[in-house]
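*Asks:* What follows is the residue order along each chain.
Protein chains: 2
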Amino acid sequence: MVQVNEVEWSNTEKNVARKAFDQAYIREVNTLIKEVCQQASVISDLNHLWELHDFLSARRHELDGKYDYRYSVLIFVFARLLNEGWLHINELEGLAKDKLIKIEALARMQNFN
Amino acid sequence: MVQVNEVEWSNTEKNVARKAFDQAYIREVNTLIKEVCQQASVISDLNHLWELHDFLSARRHELDGKYDYRYSVLIFVFARLLNEGWLHINELEGLAKDKLIKIEALARMQNFN
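Listed in order, the protein sequences are those of chains A and B. Everything in the first sequence is counted per UniProt numbering, starting at 1 for the first residue and increasing by one. Everything in the second sequence is counted per UniProt numbering, starting at 1 for the first residue and increasing by one.
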């Protein structure tokens, strides 16, 4: 088990983390908005409409849980965002090497869905 | 209090009622679909998206409750649909006169929201 609960974050690292976190969030949200606009544009009956509603309910719940900016879980959050393609490892440049190694290892190992 | 719980519906009345009910439902659903498509087309940020989600949640709940085809409540359902403009009294032609009078009276009297 990778020990990350007690990890310290320097001010520089906090800046890098915040920027990367926000960037991933903006990317995912913009993609979601495009997807919803596309789905909505072809709705022809009530079943489609409720499918869109179910889809939004699920994505809202998922986003609320996923974007958790607590330093105690941030390593896992970044691993997931890397794994899902919302973040590139280059965007975490400036974090301590041991954090980057953990994030990359977790991103490869874990199934986040 | 208008007594309608024990109202009897003839076969002719049932046919009229079913057709009018379905017609109102189709009208309301089509209007809702247009509204959602319009709202979705101008979404620019996540708050708008969650507003659309909240709107859909509310409308789904409302429609589920409103379109209740039980003969014991149909007088009230038609009164509400008339009140909200989804149905015109002419479309209930064929129902017994006492039912039409009750429906029209309720449509004028009640606040359904």
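If you're looking for bench data, these hints aren't it; they were derived computationally from the structure. Treat the hints with care, as some may be off.
[Said to hold, decoys possible] Below are the EDC-like pairs computed for lysine to aspartate or glutamate, each with C-alpha atoms no more than 20 Å apart in a straight line:
#1 B:34 <-> A:35
#2 B:34 <-> A:13
#3 A:66 <-> B:68
#4 A:34 <-> B:45
#5 B:34 <-> A:68
*Asks:* Hint by hint, note whether the structure agrees.
*Replies:* Hint-by-hint comparison with the structure:
About 18 Å separates the Cα atoms of residue 34 of chain B and residue 35 of chain A, which keeps this hinted pair within 20 Å; it holds. Straight-line distance between C-alpha atoms of residue 34 of chain B and residue 13 of chain A comes to about 47 Å, which puts the hinted pair past the 20 Å bound. For the hint linking residue 66 of chain A to residue 68 of chain B, the alpha-carbon distance of about 39 Å lies beyond 20 Å, and the restraint is violated. With a C-alpha separation of about 10 Å, the suggested pair residue 34 of chain A and residue 45 of chain B falls inside the 20 Å cut-off, and the hint holds.
Between residue 34 of chain B and residue 68 of chain A the CA atoms are separated by roughly 35 Å; this puts the pair beyond 20 Å, and the hint is violated.
Hints 2, 3, 5, counting from the list given before, are not met by this structure.
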